[in-house]
Amino acid sequence: MNDHDYNTYSRRLFLQQGLTLASMATTAPLFIQRSALGMMRPLGSMLTSQPGVPEDRILVVVQLGGGNDGLNTVVPYGSDDYYRARPAIAIPAPDRGQAQQPGALKLDDSNGIGLHPNLAGFKDLYDEGVASIVQGVGYPNPNRSHFTSMDIWHTGDHSAKGYGWIGKYFDCTCNGTPVPEGAVAIGRNAPLAMQGRIQKPVTFETEELFRWLGEDVQASLDKPYADINRGGVLADVDPDSQLGFLMRTALDAQVSSERIRAAVARTPLVGYPGSRLAQQLRIVSSMIRDGMNTRVYYVSMGGFDTHAGQVRQHANLMTQFGQAVNAFYKNLKAQGDSGRVLTMAFSEFGRRVQQNASGGTDHGTAAPMYFIGDMVRPGLLGDHPSLSDLDKGDLKFNVDFREVYTAVLEDWMKAPAAQVLGKQYRKANILKA
Amino acid sequence: MAARILRPLNKGEFDYWRAQHLLNRAGFGGTPSQVRALANMGLKSAVNYIIDADEVETEPIEADRFDADIMRPPTRQQRLEFRVARENGDEATLERYRRERQRRQGADRRQIAELQRWWLKRMIETPRPLQEKMTLFWHGHFATGYRTIEDSYHMFQQNQLFRNHALGNFRRLTHAIIRDPAMIRYLDNNQNRKQSPNENLARELMELFTLGEGNDYTETDIKQGARALTGYTYNDDEFIRHGSRQYQRLHDDSVKQILGKTGNWDGDDFVDIILSRDVCSEFICWKIYRFFVNDMPGEPTQAGQEFVLELAKLFRSKDFDLKPILRTIFESRHFYEPDNVCSQIKSPVQLVVQAIRSLRTPPRSLRALLSATDLMGQNILFPPSVKGWEGGRTWINTATMFVRQNILVYLLTGQRPGVYPWQIDQSQYDAAPLLDHFDKPLGDIDASEAVKYLVWFNLGRKPHERRIAALNSHVQSRGGRLNEKILIELLALITAMPEYQLC
Numbered sequence: 001m002n003d004h005d006y007n008t009y010s011r012r013l014f015l016q017q018g019l020t021l022a023s024m025a026t027t028a029p030l031f032i033q034r035s036a037l038g039m040m041r042p043l044g045s046m047l048t049s050q051p052g053v054p055e056d057r058i059l060v061v062v063q064l065g066g067g068n069d070g071l072n073t074v075v076p077y078g079s080d081d082y083y084r085a086r087p088a089i090a091i092p093a094p095d096r097g098q099a100q101q102p103g104a105l106k107l108d109d110s111n112g113i114g115l116h117p118n119l120a121g122f123k124d125l126y127d128e129g130v131a132s133i134v135q136g137v138g139y140p141n142p143n144r145s146h147f148t149s150m151d152i153w154h155t156g157d158h159s160a161k162g163y164g165w166i167g168k169y170f171d172c173t174c175n176g177t178p179v180p181e182g183a184v185a186i187g188r189n190a191p192l193a194m195q196g197r198i199q200k201p202v203t204f205e206t207e208e209l210f211r212w213l214g215e216d217v218q219a220s221l222d223k224p225y226a227d228i229n230r231g232g233v234l235a236d237v238d239p240d241s242q243l244g245f246l247m248r249t250a251l252d253a254q255v256s257s258e259r260i261r262a263a264v265a266r267t268p269l270v271g272y273p274g275s276r277l278a279q280q281l282r283i284v285s286s287m288i289r290d291g292m293n294t295r296v297y298y299v300s301m302g303g304f305d306t307h308a309g310q311v312r313q314h315a316n317l318m319t320q321f322g323q324a325v326n327a328f329y330k331n332l333k334a335q336g337d338s339g340r341v342l343t344m345a346f347s348e349f350g351r352r353v354q355q356n357a358s359g360g361t362d363h364g365t366a367a368p369m370y371f372i373g374d375m376v377r378p379g380l381l382g383d384h385p386s387l388s389d390l391d392k393g394d395l396k397f398n399v400d401f402r403e404v405y406t407a408v409l410e411d412w413m414k415a416p417a418a419q420v421l422g423k424q425y426r427k428a429n430i431l432k433a
Numbered sequence: 001m002a003a004r005i006l007r008p009l010n011k012g013e014f015d016y017w018r019a020q021h022l023l024n025r026a027g028f029g030g031t032p033s034q035v036r037a038l039a040n041m042g043l044k045s046a047v048n049y050i051i052d053a054d055e056v057e058t059e060p061i062e063a064d065r066f067d068a069d070i071m072r073p074p075t076r077q078q079r080l081e082f083r084v085a086r087e088n089g090d091e092a093t094l095e096r097y098r099r100e101r102q103r104r105q106g107a108d109r110r111q112i113a114e115l116q117r118w119w120l121k122r123m124i125e126t127p128r129p130l131q132e133k134m135t136l137f138w139h140g141h142f143a144t145g146y147r148t149i150e151d152s153y154h155m156f157q158q159n160q161l162f163r164n165h166a167l168g169n170f171r172r173l174t175h176a177i178i179r180d181p182a183m184i185r186y187l188d189n190n191q192n193r194k195q196s197p198n199e200n201l202a203r204e205l206m207e208l209f210t211l212g213e214g215n216d217y218t219e220t221d222i223k224q225g226a227r228a229l230t231g232y233t234y235n236d237d238e239f240i241r242h243g244s245r246q247y248q249r250l251h252d253d254s255v256k257q258i259l260g261k262t263g264n265w266d267g268d269d270f271v272d273i274i275l276s277r278d279v280c281s282e283f284i285c286w287k288i289y290r291f292f293v294n295d296m297p298g299e300p301t302q303a304g305q306e307f308v309l310e311l312a313k314l315f316r317s318k319d320f321d322l323k324p325i326l327r328t329i330f331e332s333r334h335f336y337e338p339d340n341v342c343s344q345i346k347s348p349v350q351l352v353v354q355a356i357r358s359l360r361t362p363p364r365s366l367r368a369l370l371s372a373t374d375l376m377g378q379n380i381l382f383p384p385s386v387k388g389w390e391g392g393r394t395w396i397n398t399a400t401m402f403v404r405q406n407i408l409v410y411l412l413t414g415q416r417p418g419v420y421p422w423q424i425d426q427s428q429y430d431a432a433p434l435l436d437h438f439d440k441p442l443g444d445i446d447a448s449e450a451v452k453y454l455v456w457f458n459l460g461r462k463p464h465e466r467r468i469a470a471l472n473s474h475v476q477s478r479g480g481r482l483n484e485k486i487l488i489e490l491l492a493l494i495t496a497m498p499e500y501q502l503c
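Chain order of the listed sequences is A and B.
Counting in the working numbering, the first sequence runs from 1 upward without gaps.
Counting in the working numbering, the second sequence runs from 1 upward without gaps.
Simulated from the structure, these hints should not be mistaken for lab results.
None of these values were measured; they are calculated from a predicted model.
Do not take every clue at face value.
[Claimed, not checked] FRET-style restraints, in silico, Cβ to Cβ: (1) A:A308 with B:D236: 22 to 30 angstroms; (2) B:K121 with A:A265: 12 to 20 angstroms; (3) B:D339 with A:F147: 34 to 42 angstroms; (4) B:K440 with A:A219: 26 to 34 angstroms; (5) B:A469 with A:G271: 45 to 53 angstroms; (6) B:V84 with A:V270: 52 to 60 angstroms; (7) B:I468 with A:R197: 35 to 43 angstroms; (8) A:N175 with B:T301: 25 to 33 angstroms; (9) A:L234 with B:E449: 44 to 52 angstroms; (10) A:S159 with B:D236: 25 to 33 angstroms; (11) A:R197 with B:N164: 32 to 40 angstroms; (12) B:D236 with A:R144: 19 to 27 angstroms.
Think of the CB as a built atom: it goes at the ideal place given N, C-alpha and C, for glycine as much as any other residue.
Just need the whole structure built from these sequences, with the hints factored in.
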């Protein structure tokens with residue numbers, strides 16, 4: 001290690017510690033402080049330039065749509081305020097569980113904060129040191145509309161307008177031409193987050209839809225079809241014309257289709273549950289294994305809008321989420337990709353602290369984000385938002401989600417975050433190096 | 001004397017292919033016999049026939065076609081009961097109200113889906129294609145989305161507003177849109193009160209609806225304009241009257257200065273002040289030009305710029321009447337220039353409706369068609385933002401390309417390709433009438449002649465040799481003679497050509 005590296009390291013460490021301390025300025029209860037102090041531990045791996053981590057890094061975004069209840073996911077069971085606000089739906093402390101309502105899963109490195117009892121799949125990864133929870137993530141002047149808040153998260157902009165943050169990442173780094181299959185979204189609709197001015201995501205719900213189906217009508221159509229769509233830009237067509245653009249895209253579509261279907265056809269190395277999220281992640285793992293060019297994958301699950309009868313519904317969602325990300329990580333590990341894949345899960349907002357009268361919760365504000373991968377700084381990161389110091393019944397955020405994006409962009413994707421997000425945000429400390 | 005750039009096409013030049021171009025752009029295309037009929041009318045009558053759509057008989061729309069009461073706001077009595085229940089912790093009553101609300105929201109979501117189907121069906125069947133096309137244009141221009149409104153009847157009211165003003169007058173339409181409940185709700189003007197102005201509508205009115213971003217106005221104009229728009233709100237389904245007590249309570253009745261003009265302006269004055277700027281007519285003419293004539297990315301051509309500026313002059317001289325500028329466009333030589341023919345990427349709605357109207361396929365399941373247009377990026381009544389759809393090349397990517405090809409396979413065969421959630425439709429498509437003018441049974445028609453005609457008809461241009469060769473060799477591999485099945489196979493291939501995405 002030369003002096004230059006050393007200086008960079010100490011400066012960065014200083015900034016990280018400074019940041020952690022600054023965010024602790026408000027008096028946090030003891031059980032919360034302990035986890036925050038854990039964040040300051042200098043990590044040995046920070047000294048090296050990520051041994052064993054190749055540069056072809058991948059980001060997988062998991063969207064939890066509908067507003068996941070952060071307080072019943074990462075449970076502050078050490079807080080009386082929590083139980084006062086949620087007499088009917090609170091998750092009991094680890095040692096107070098009952099058959100009807102099991103207690104929270106205890107986290108070894110924290111007092112008073114646990115995980116939803118159905119998150120065993122996630123806790124497994126947490127205990128292995130490959131998962132983290134960034135607590136209390138949000139943004140100023142929170143918007144409680146699903147769509148607007150989701151668009152704010154997607155654009156990284158409070159106006160909720162403009163291109164998506166991942167799209168802008170590609171636009172900033174792709175030298176004016178889109179990266180073929182650079183961004184892949186599994187689902188019905190292309191997420192705004194992936195839409196750039198130049199880069200557009202490849203979107204498909206299942207790989208079966210990502211091909212021409214005229215061959216099903218008459219098999220012998222495949223030859224003329226290939227001739228028509230694989231010709232590229234024909235000799236006498238202006239490549240800059242609309243027709244030139246269409247011919248190019250038609251050829252791209254054929255190539256992508258073949259590549260993706262071949263990739264997805266690979267059998268995963270571990271079994272996956274049947275949930276939609278798990279199946280989406282299965283497809284992603286196969287594509288990663290196939291060595292596709294894709295740098296960002298986007299998957300999503302919905303159903304988190306738990307206004308009524310939340311307990312059972314949320315428990316199911318937690319099971320699905322935990323099991324899906326567990327299978328995904330184990331598969332990546334088995335195929336030797338866990339070091340180059342960072343998985344990030346978020347929701348457009350959390351829910352109100354106080355339960356409502358239907359055994360559910362209404363739209364709220366700050367909530368945790370979840371990270372999985374060999375390179376994440378494991379454990380509980382940042383402070384749990386205070387349950388006594390509320391903003392009109394809502395949690396106050398500690399970390400702006402764009403500080404998290406900044407870390408992902410700079411530390412993981414090696415991209416100029418300020419250029420992508422249009423502003424220099426403080427960088428959250430979420431990765432080992 | 002009209003400017004040279006606006007001059008009309010020579011009479012004799014209006015042939016079959018130009019008539020087809022007119023019908024594609026001013027509507028959603030037509031069958032070979034419809035195109036022929038239009039060509040035979042000659043340029044002037046053909047354009048008149050399309051523009052004077054209001055003279056064509058059409059199915060009347062009953063005012064009670066959609067249920068206005070689903071999202072009716074609670075009465076004073078109900079609000080009181082709810083408040084008392086909340087204060088007393090009366091769970092049973094609160095629960096009843098919550099269930100009732102959920103039931104209404106569910107019913108309203110079903111109704112908005114029905115409204116989507118109703119409108120798409122109208123576009124497919126209407127004898128006034130330009131009216132529906134302009135309705136679609138205004139929907140994209142004054143974009144308002146159901147997701148924010150959550151009141152399907154308001155969306156229906158707005159849709160009817162666009163239809164009624166489709167070929168009317170832009171000034172009157174803009175006056176009407178600031179009174180439209182859906183728009184008011186979408187851009188928060190129901191929150192715009194003299195005590196606490198909300199600038200959203202004032203901003204978008206200038207930025208997106210009339211002047212263009214940053215054109216000729218300042219932040220101060222927005223603030224002042226917002227004050228003029230205070231009190232422009234609605235109760236239930238109706239705009240509140242200017243004389244009403246409610247209006248007087250909400251409206252800022254004092255002097256404002258907007259775009260350099262000082263007076264005690266209200267929202268209507270605000271609109272008129274904006275419309276007095278030349279930039280406004282130019283901005284609207286640009287949008288109309290991009291919609292009907294050419295939407296190539298990048299800087300417009302010299303001719304295009306000149307055309308729009310002259311069109312804007314005409315627009316002003318007719319005090320924003322739409323028919324004169326549309327007539328000028330559709331008659332102009334410029335509109336038929338090779339650069340402006342087969343050069344526009346079909347919007348998803350255009351793709352689907354034009355396919356049905358020109359090939360006469362069965363319309364299949366409207367649900368399936370709407371699911372496809374959504375997958376292709378255009379979910380009507382749900383525009384992505386107040387900016388509407390960007391259109392042009394943004395419609396196209398590798399994924400939408402397959403949906404575009406596959407929805408055509410569905411229209412042609414009725415079979416659900418692969419795992420799409422589209423309902424299988426058993427009715428057979430008879431494509432033979434496309435070749436009626438050969439005046440022979442299918443099997444006797446010279447297959448290579450038929451191929452040439454089908455490609456030309458569907459792509460609107462002289463086909464590339466390589467395309468012809470691919471189709472001819474397919475016919476040869478299937479025995480060399482046409483039949484109903486092979487005809488459909490040929491159409492499946494033609495509609496899968498990149499060229500088919502243009503009109």
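Exercise. Using the Cβ atoms, figure out if N175 of chain A sits within 25 to 33 angstroms of T301 of chain B.
Key: holds, 28 angstroms
field: Whether the CB-CB distance between L234 of chain A and E449 of chain B falls inside 44 to 52 angstroms
entry: For E449 of chain B against L234 of chain A, whose Cβ atoms are near 23 angstroms apart, the range 44 to 52 angstroms is violated.
Does the Cβ-Cβ separation between S159 of chain A and D236 of chain B fall within 25 to 33 angstroms? Given a distance of about 31 angstroms, which is inside 25 to 33 angstroms, the answer is holds.
| query | Has the hinted range 19 to 27 angstroms been met by the Cβ atoms of D236 of chain B and R144 of chain A? | reply | Distance hint for D236 of chain B, R144 of chain A holds at roughly 25 angstroms.
Is the hinted range of 12 to 20 angstroms satisfied by the C-beta distance from K121 of chain B to A265 of chain A? violated, 40 angstroms
- Please test the hint of 45 to 53 angstroms on the beta carbon pair from A469 of chain B and G271 of chain A. holds, 49 angstroms
* Asked: Between R197 of chain A and N164 of chain B, is the Cβ distance one that fits in 32 to 40 angstroms?
  -> holds, 37 angstroms
Margin query: 35 to 43 angstroms was suggested as the range; check whether the CB atoms of I468 of chain B and R197 of chain A agree with it.
Written below: Hint holds: Cβ distance 37 angstroms, inside 35 to 43 angstroms.
Item to complete: Confirm or reject the claim that A308 of chain A and D236 of chain B have a C-beta distance inside 22 to 30 angstroms.
Response: Taking Cβ atoms as reference, A308 of chain A and D236 of chain B lie about 28 angstroms apart, which means the hint holds.
query: Between K440 of chain B and A219 of chain A, does the beta-carbon spacing fit 26 to 34 angstroms?
result: Holds: the Cβ-Cβ distance is about 29 angstroms, inside 26 to 34 angstroms.
- State, for the Cβ atoms of D339 of chain B and F147 of chain A, whether the hinted interval 34 to 42 angstroms holds or is violated. holds, 39 angstroms
key: V84 of chain B paired with V270 of chain A, Cβ distance criterion 52 to 60 angstroms   = holds, 57 angstroms
Hint compliance for this structure: hints 2, 9 are broken, all remaining hints hold.
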